[in-house]
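Trainee: With the hints as extra help, turn the sequences into a complete structure.
These protein sequence lines are chains A and B, in that order. Residues 1 to 330 (the numbering used here) are what the first sequence spells out, left to right. Residues 1 to 321 (the numbering used here) are what the second sequence spells out, left to right.
Simulated from the structure, these hints should not be mistaken for lab results. The structure displayed is predicted, hence computed values, not measured ones. Treat the hints with caution; some may be incorrect.
[To be verified] Beta-carbon label-pair distances, calculated as ranges:
1. A:Ala104 to B:Ile25: 28 to 36 Å
2. B:Tyr112 to A:Gly33: 27 to 35 Å
3. A:Val310 to B:Ile170: 18 to 26 Å
4. B:Pro31 to A:Asn199: 51 to 59 Å
5. A:Gly207 to B:Leu135: 33 to 41 Å
6. B:Arg284 to A:Asp149: 48 to 56 Å
Here a beta-carbon is modelled for each residue, glycine too, at the ideal position from N, C-alpha and C.
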Amino acid sequence: VKGGLKSRATASIETMPPSGWVLIALVVAAALGVPRFLSAGNFLNVVRVASILALAAYGQGVVIVAGGLDFSSGSAVALTSVITVLALVSAGMTGPGALACGAAATILIGALNGFLITSFNMPPFLVTLGMLIGVHGLASLLVGGIPLDAPPTAGFGWLAQGEILTIPVPVFFAAMGFVALALLTRTPLGRSWYLVGANPRAADFVGINRRRSVRFAYLVNGIFVAFAGIVLTARVGSGQPNLFPTLPFEAIAACAIGGLALSGGTGRPVQILLGVLIISVLDNAAVLLNFASSVQLMLIGALTIGAVLVQQIRWTRVRRRLRHDGSRSG
Amino acid sequence: MATRLRAFEPRYAAAPLSVILVWLIFGAVNPFFLSIDNGLNIAGQFGALAIVALGEMIVIVTGGFDISVGSVAALSTVVGALAINALGIWGIVVLPLTGIVAGLLNGLTVSYLRVQPIITTLGMLLFARGLALYLSGGDQTVSIESSDILSMIGYGDVAGVPSITVIVLIMGVCVALLLAKLRLGRRLYMVGSNPQSSALVGVSVEATVTAAYALCGLSAGIAGIVFLSRAGGGLPTEGNGLELQAIAAAVIGGAALSGGIGAAAPILFSAFFIQSLLNGLNLRGTSPFVAEILLGMVIIFAGFLDFIIRRYGTSRRGETL
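Mentor: See the structure below:
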């Protein structure tokens, strides 16, 4: 913004986010060092697994850009599965209707998050942490703490296992989610998230309804999480209180690895996708190399920090250089 | 001066009041709840949570937080159990050491490498859990020979008070002294309330933050001693979700996630409150899931209380700061 012409010229070279280079390096390394990594079957497998994390990470990204954070998705997807299966088993609903009920419950959690955070000025960290614990209790209570199988007549397994033209169905969800997110960031609402996250006071001055903007961010997050919950429910075919407890952490890690500033205000949808793919490729390579799950955890832990670090070191250098130039000319 | 005035902040009253409320309610329903036996029982159980919550509070005072404490506690039990098997009972010092090393790594990464606390401690959460599982060879418990010292810590008592409670109280006093009397304590508050101006008056923000995470890691290691002494072995899968409870305890105990505010005594009350709640519901035969729902609501309510205090008690806080 400041540099005018010069920065616009360099911007075209720098449109590739640093995380893009990280992903390319990772894929090249995996292609060279990991047997069976470079096969069409494996590629489809990676993107199929990645799509669930992608959906959750889109939502997380929206909330992070708007200056917030969401831990509750770990229990929210569990609630989707539990409500869906209960609607099938106890209320005798059909597959689509039951899924709609499960999704509605999850979206409600998102709306509630937004309401509590904006109405009472509470830290998002705290509200969504309370939700994570409380909703887990609720989901467990509803099914007595153990997984409840969906009747075989439910018929929604296709949503997770099915394919359209050899492309897994969840990938379509993730792709549509990406398009929706990209379009959303071009609407006035989407733009307002960036401003609210970057500078809340400035957002007030230009007449943005900050509360409404943040409320919608959490609602949109709830919708994305609901889709992640639907795909997960279809995949496991049961209502599970412990469906994916680490989902919020992985989603936050994906956003950070992709290059979103957790302080809010910046980040492009493609960066979120890159972060998700980096995590998924890593997971996949570790599995193909037959690493023990303990080694996988260590690797992903170290690489989460490493990937963020790699991108950050460049930035501090650039900033330091800019500061030097500034002090010399001034 | 500032810290002394803070002791009267209304936010610190929430935890002790919650304890009284819980004891009145459960006591009215079930007289056994009010017995000394049950009180000591709760005091013996809340050890690990109280210890970790103290460390968590120190980090929260500096404006950060640490979600790796549960994994680090588990890692320290595994490393400690291996050390005890190799070196004898004095290998127990390895537990706090493991915690300090993990905490130092967290602190250095957050302060000098400027990686956000959530990413740093998330990485440590995964790494420490993986390392604990790796060292124990899968999710096996690393068993150790029973020893008098360990059973004394885990199940013994000092003049009728469980040893674990004694450890918690000693740690509480140490943390309170650190925060009120030591230079480091004062700096923790300074860095948490305003890092820029602390740097301007010559306080090393990086060193102070690193120290805070190291102390938090130390508390996780000491919580590891509690786990180890109670279970008689290294538990790689222990402590799942402990970090969330610890943050909850710190917040209910009046620590502000924005940094600069927090005290030791309310944290102990707050951990005692959470354990009393779980114990009381358990005695009534209520599902543990209801307890979870209640805990979630209590956390959100703590945030609500903070909102009320900020809105109606601002002039007062303006003076203290």
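Trainee: Hints numbered earlier in the text: which of these fail when held up against the supplied structure?
Mentor: As far as the earlier hints go, 3, 5 and 6 are violated by this structure, in ascending order.
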